[in-house]
Amino acid sequence: MNKKFVLGIYDDEDVLLEAIENVRAAGTKIYDVFTPFPVHGMDDVLGIKRSRLPIVAFFCGLFGTSFALWMQIWMLGFDWPMIIGGKPHIAIPSFIPVTFELTVLCAAFGMVITFFIVQRLKPSLKVNVFDKRSTDDKFVMAIEVNEGVTDVNALNNLLRSNGAIEVNEKEVIK
Amino acid sequence: MTEERLIIPRKTNNKFFMMIAIGVVLVIAGIIFMATGGGADHGAGHGDAAAVAHEPASWFKRLLVNLWLNNVYFTGIALLGVFFVAVQYVAYAGWSVLIKRIPEAMGYFLPIGGALMLVLFLVGGHDIFHWTHDYLYDINDERYDPIISGKASYLNFGFFLIRMIIFFVVWILFFNWLRRNSINEDLNGGTSYYHKSIRISAMFLVFFGVSSSMAAWDWVLSIDTHWYSTMFGWYVFASWFVAALAAITLTVIFLKQNGYLKMVNANHLHDLGKFVFAFSIFWTYIWFSQFVLIWYANIPEESLYFLARLDSTYKWVFFVNLLVNFVFPFLVLMTRDAKRQMIMLKIVTIAILLGHWLDFYLMMMPGTMRGDAGIGFIEIGTTLIFLGVFLLTFTKGLAKASLVPVNHPFLEESIHHHV
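If you read the sequences in order, they're chains D and L.
For what it's worth, our numbering labels the leading residue of the first sequence as 1, then goes sequentially.
For what it's worth, our numbering labels the leading residue of the second sequence as 1001, then goes sequentially.
Since the hints were made in silico from the structure, they are not lab data.
Take the hints with a grain of salt, since some may be wrong.
Not everything, but these chain D residues come out facing chain L in the computed CB check (under 10 Å) [said to hold, decoys possible]:
| # | residue |
| --- | --- |
| 1 | Pro54 |
| 2 | Pro81 |
| 3 | Gly86 |
| 4 | Ala91 |
| 5 | Pro93 |
| 6 | Ser94 |
| 7 | Phe100 |
No farther apart than 27 Å at their CA atoms in a straight line, the calculated lysine-lysine pairs in the DSSO-like style are these [to be verified]:
| # | chain 1 | residue 1 | chain 2 | residue 2 |
| --- | --- | --- | --- | --- |
| 8 | D | Lys4 | D | Lys132 |
| 9 | L | Lys1274 | D | Lys49 |
| 10 | L | Lys1346 | L | Lys1274 |
| 11 | L | Lys1315 | D | Lys87 |
| 12 | L | Lys1262 | L | Lys1315 |
| 13 | D | Lys138 | D | Lys170 |
Beta carbons: idealized from backbone N, C-alpha and C, even for Gly.
Required output: the full structure, derived from the provided sequences and hints.
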């Protein structure tokens, strides 16, 4: 299925941030904004909510801690008790380094894997590049066109009156 | 940019004096209590100590050790304040410019700390440091100690004193140098002061790296003369640094709540919170690294140190230390929101300041007071006196210059700081 987008091209980040606010205030839904570098304050003006990834990280870390402790206590305390260095079978201080490492490992892997799944990042993923200049020196604001609902001319005027240096239309295959 | 002058109301100053007065009263009460035998019932629980015909420590010794403990703690906070400023310069940091005057003004305590340290060592060296006794080095004396004797080339009265004087003189010189540059920058502007400050900071940091470790060996580690740990310099540094960061954060919050530092916002607090959080973990990392190797190897001469600290007198301090300085800040400051809220930061930083005082208590008391230590009038009193004196000098220093370094080249960046 083909989808149509209106692209507003900007060459100044401050103009862009103001334009985003105005466009959203005018009731237009912005599909996404592409910039060559991270722009401070972009998340706020686009109204993007904070990521919930830290919560995932916490629970993955907690899982790592409990798993590591359970594993060592069960292995060295119950399944195959051995005397090591004259210490008790369940000697918590000696379990701490492994517990620490597994906590970090689980939290890190859990976060990365969750991110891949949530963002549907996979090797076969095809990414639409709306305008190659957004990797160089231009900022691109993409707005999806709903056939019969969106007034493209009004959108064109709105973007241009808010500092867009050009406005293009592009069709992409979804 | 707008200058902000701190005006300390008479009422606040009176509060600080009140703190000192209460401290003095408590100390005197504690001394009377101990001198008239009030301490006897306290010592009753320690049958082991009595068994080796151990004479209970005098009130004089207890007072000296407490003065030493607080002096090392507060001097460390003052020194690490200067260290923080130096690190910010060397790292070309922009975010911290708005709060930089606070750690900078902490250095004003250094001369007092230095003078007190000197007097305390000269007056009470024998009571605090076992190694200062001459008979330990006399091979004909029955109390001769070959281990301590072997350390005589480093641990001797003269060299110890010289090191102490050099450390304080150089620290104070660097502090004054940095401070003068910072104030001249306010008056004259330009970037030359900034570049000069970076060079001064770099020199200071090199000296600090060596001197802070050696100071830790001298002032804290040498109390337990037989024992040594190669991590000890780092350990004391970490403890000092967390306490200093907590003190900086707490001061920023107090000033902000009293209408100062108008341009400081949640983003700056967030960064300070991250510092407190991260260095609490760093401290724990050092603590554990020191502990686990000694626990695992279980060599008598090494484990003695921790055995003394897991004794009935200190057991609670040992575990409270870990809870307050690691578990509490780790769990409470973990989320982003907590680091951006004043109330959360306030609770955690106050807990950390108390916790690291306990940490120093645990480092010093078992080697000096042995089983006779406690937390009573003398401990609370001396701490209040030091807190009062520290706050007086610190706030007086803060009031000397604008709270906002108006001509700092990175001021604009700090105002627009965003995380």
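*Is Lys4 of chain D close enough to Lys132 of chain D, meaning Cα to Cα at most 27 Å?*
holds (17 Å)
*Answer holds if the nearest beta-carbon of chain L is closer than 10 Å to that of Ala91 of chain D; otherwise answer violated.*
holds (9 Å)
*Do the numbers back the hint for Ser94 of chain D, that is, is its least Cβ distance to chain L under 10 Å?*
It holds, given that the least Cβ distance between Ser94 of chain D and chain L is near 6 Å, below 10 Å.
_Closest C-beta approach of Pro54 of chain D to chain L relative to 10 Å, hint status_ = Where the cut-off is 10 Å and the nearest Cβ of chain L is about 7 Å from Pro54 of chain D, the hint holds.
*Can Phe100 of chain D be said to touch chain L, with a Cβ gap under 10 Å?*
holds (9 Å)
_The hint names Pro81 of chain D as touching chain L; please verify it with the least Cβ-Cβ distance against 10 Å._
At 18 Å from the nearest chain L Cβ, Pro81 of chain D fails the 10 Å test, so the hint is violated.
_Holds or violated: Lys1274 of chain L and Lys49 of chain D, Cα atoms, limit 27 Å._
Holds: Lys1274 of chain L and Lys49 of chain D sit about 22 Å apart, inside 27 Å.
*Hinted pair Lys138 of chain D and Lys170 of chain D, Cα distance within 27 Å*: holds (16 Å)
*asked:* Under 10 Å is the threshold here; is the Cβ of Pro93 of chain D close enough to any Cβ of chain L for the hint to stand?
replied: holds (5 Å)
*Given the hinted pair Lys1262 of chain L and Lys1315 of chain L, is their alpha-carbon gap at most 27 Å?*
Not OK: Lys1262 of chain L and Lys1315 of chain L at ~45 Å, beyond 27 Å, violated.
*Is the straight-line distance between the alpha-carbon of Lys1346 of chain L and that of Lys1274 of chain L 27 Å or less?*
Judged against 27 Å, a Cα distance of about 14 Å means the pair holds.
_Hint Gly86 of chain D vs chain L: min CB-CB distance below 10 Å?_
At about 7 Å, which falls below the 10 Å cut-off, the nearest Cβ of chain L leaves the hint on Gly86 of chain D intact, so it holds.
Figure legend: structure checked against the earlier numbered hints; hints not met, in rising order: 2, 12.
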